[in-house]
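Undergrad: Use these hints to put chains B, C, D, E and F onto chain A, whose structure you have.
Protein chains in written order, with my numbering: chain A, 315 to 461; chain B, 315 to 461; chain C, 315 to 461; chain D, 315 to 461; chain E, 315 to 461; chain F, 315 to 461.
Worth double-checking, as some hints may not be accurate.
Identical copies look the same in the list; a pair holds intra-copy or inter-copy alike.
What the hints assert, rightly or not - In silico lysine-lysine, DSSO-like type, Cα no more than 27 Å apart, as pairs:
#, residue 1, residue 2
1, Lys455, Lys397
2, Lys323, Lys350
3, Lys323, Lys457
4, Lys353, Lys455
5, Lys323, Lys397
6, Lys436, Lys333
7, Lys370, Lys432
8, Lys337, Lys323
9, Lys331, Lys397
10, Lys339, Lys353
11, Lys331, Lys436
Worth flagging that the hints you see were computed from the coordinates, not collected in a lab.
Number of protein chains: 6
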Amino acid sequence: MTMVDVTAKPEVYREAKAKGAIKLKAETIRLIREGKVEKGDPFQVAKVAGILAAKKTSSLIPLCHPLPLTGVEVELHIVDDSKVEVETTVKTRAQTGVEMEALVAAATALLTVWDMTKQYEKDAEGQYPHTSIQELRVVSKVKERRV
Amino acid sequence: MTMVDVTAKPEVYREAKAKGAIKLKAETIRLIREGKVEKGDPFQVAKVAGILAAKKTSSLIPLCHPLPLTGVEVELHIVDDSKVEVETTVKTRAQTGVEMEALVAAATALLTVWDMTKQYEKDAEGQYPHTSIQELRVVSKVKERRV
Amino acid sequence: MTMVDVTAKPEVYREAKAKGAIKLKAETIRLIREGKVEKGDPFQVAKVAGILAAKKTSSLIPLCHPLPLTGVEVELHIVDDSKVEVETTVKTRAQTGVEMEALVAAATALLTVWDMTKQYEKDAEGQYPHTSIQELRVVSKVKERRV
Amino acid sequence: MTMVDVTAKPEVYREAKAKGAIKLKAETIRLIREGKVEKGDPFQVAKVAGILAAKKTSSLIPLCHPLPLTGVEVELHIVDDSKVEVETTVKTRAQTGVEMEALVAAATALLTVWDMTKQYEKDAEGQYPHTSIQELRVVSKVKERRV
Amino acid sequence: MTMVDVTAKPEVYREAKAKGAIKLKAETIRLIREGKVEKGDPFQVAKVAGILAAKKTSSLIPLCHPLPLTGVEVELHIVDDSKVEVETTVKTRAQTGVEMEALVAAATALLTVWDMTKQYEKDAEGQYPHTSIQELRVVSKVKERRV
Amino acid sequence: MTMVDVTAKPEVYREAKAKGAIKLKAETIRLIREGKVEKGDPFQVAKVAGILAAKKTSSLIPLCHPLPLTGVEVELHIVDDSKVEVETTVKTRAQTGVEMEALVAAATALLTVWDMTKQYEKDAEGQYPHTSIQELRVVSKVKERRV
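Bound conformation, chain A alone (with noise of 0.2 Å):
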């Protein structure tokens, strides 16, 4: 098994777009919406837990190379009265592209939002029915010679 040789590949300018959205009650969303959810703002904390994933990437997912990354950018926005939708930046000047880290980011920060609302999501049998996360996908990737 091999983490691919990248050795040879120039450094260039790279940023990658994901995003992916989650599904949640009505109720949840109102609640977020009025700043009343009990563990605190989920947007908020949800960011900062994108942003950290996205820095832990090669730890997490085995054939990742490390990359120093020069930007990461965590935004979450209410679509309706069912969703919640995530949209990470990520950019490197590196021998490889950081869609990998992007997903990273998104995938956790809608994993955050369930955790902080997960009370309101379960129902009386502790279950939950109506919560998923959805079209987690890479929207852009650019790979430019600066030089």
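TA: For chains B, C, D, E and F alone, coordinates are given in the frame of chain A:
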């Protein structure tokens, strides 16, 4: 902000199962089936990554409690020519549930499949128009008083 | 060298509170008050960082035992035009105390406030003549035999 | 929230020095001086802990960039019968400064001294009325264009 | 104590290969050969563990510099009825060598083989009279000025 | 793949001792003896590294359970002019044994000795013809029903 105080809750048997899927090209599915993915066996690597990630949950999701996991299982299978599914099971005897651990394991396993197969999923412009993670959810949660 | 053997000690309720402060410029305090710190809300980020750091204590302080923390709280407030204070509370049921965890959470929260506001604290030469962390201490420790 | 984009900044030599102190009882200082601290040599353990912590900075302080540290030094000395001082130096060639790394190393070294000596610092009630970390600050920052 | 200052050293191509072996019972070797190890394929898991460990070297070995590894390879093979051998290759373009990374990867891969097969290696008293790791060494180091 | 389910196993006292050795040049052994190793005291640093590594075992060895270690001891001594030996002891009260923790601590301590002395072990071509880690093994395992 508070990592909720669970000191007074009894330690009971807890179990959670999560599921999720990744949409891949038919050609990629064929390569997985035939054991021809160049970077290594995606399912083997994804299982290891998922199990390790379950154990890192409390360092990824800020308000999760550190829990002494007593069992973690990660299984992957090909659903059809466009989809791979993961199912995870996490067990503990603790004061709080393990659904976040099951979700983190499932998300990390799916992201690892993406990373292992990304050279086949990219189009000529290096974009990923077909690939996405879908339906990541908790399929069951068990809380039992064993004593 | 020894991580002291605590096998024979009973598992009892443990709690520790720590406090500490960071001296900042009046202008920086004003920006925090008005929610105008460009990098994000310093207190939100510091709280998340403090909670995550509490859980990493045994990997930062070499002879600390890994403990199953059951509660972590990190609060920050502006004392006056020159000072921000943090107060942390850590709880567990374990064989040894959690004062190091409370201190690590407090130190990390204060260092995060520094990082979030450092562009306002630097002088024209890029030095920090006004900024310092002070009075980091344990304010109370509780050890109770609950059984 | 954003880990600030530093992609366009040039990689230049960076250095930061931090200092800080821990107040200890005269009796504890005597034990350190005479090499009689039961858990091991507090300065040796603190130096190792400080160096390791410098390398973890970007996983502790959420918006810090991961930097390829090229040098880390941690020194400790007894100031007088009530105080131990730490001085750290961190070096890199990078797009952003290393003052947070120097501070994290200093804070962790001081907290390790506390942990190594805590059995002597506690009073009969298990409280720490004398112990505190003080004056943690950046003493100099260098940014040089070596090219 | 000092993580040696390498700021002034040029970034050149670096490569290191390490080897090591684990002595196992003939019966265990047979189970590996026939793919009947109950916990999973020891070589697959060991390869993943070795690659991940290489990337953690600077957090395990205190005075190692964090390096941007550009390639990691871990291979395992059965030598004879009593021995499994690992060979690792680590590559980078950096200011210091990667022999510690190659050794850490090899040691972790061998320890993982042990963990995967330990139920067969234990005797009736739960002891390991036959199992040992041997001959862990650096087989070659390359330092090249590519420019 | 499965991190074996140990939920039903009783928590009992567990202890494991591991040993291992590193072969070094006579000249290097002399420098250790005389306290003249330039990078610092190899045994002090190795002990700290070994203790920290024991606590990371479940993140290094994929199918190891996270265990609440209650004691870790790492000792090193010079055997003769060609060999340094490490002995580790790990204790817990848990559902599964700690032999992997003892081995990980021993391996990491030996690798740290290597790193601390590598400048003296290299030959003129930068190779390590004399250095190797040998005889890494579990010397005893204890499992006791204390209740």
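Undergrad: Next step is simple, just say for each hint if it's right about the structure.
TA: Consistency of the hints with the structure:
1. Lys455 x Lys397: both (25 Å within a copy, 23 Å between copies)
2. Lys323 x Lys350: between (49 Å within a copy, 24 Å between copies)
3. Lys323 x Lys457: Intra 12 Å, inter 18 Å, cutoff 27 Å: intra and inter.
4. Lys353 x Lys455: Only across copies: Lys353 and Lys455 sit 21 Å apart there, 35 Å inside one copy, limit 27 Å.
5. Lys323 x Lys397: The answer is neither: 40 Å in one copy and 32 Å across copies each exceed 27 Å.
6. Lys436 x Lys333: Cα proximity of Lys436 and Lys333: in one copy and across copies (25 Å, 17 Å).
7. Lys370 x Lys432: both (24 Å within a copy, 19 Å between copies)
8. Lys337 x Lys323: neither (40 Å within a copy, 29 Å between copies)
9. Lys331 x Lys397: Answer is both: 19 Å inside a copy and 23 Å across each meet the 27 Å cutoff.
10. Lys339 x Lys353: Only inside one copy: Lys339 and Lys353 sit 17 Å apart there, 31 Å across copies, limit 27 Å.
11. Lys331 x Lys436: between (31 Å within a copy, 15 Å between copies)
In summary, the structure is inconsistent with hints 5, 8 from the numbered list given earlier, while agreeing with the others.
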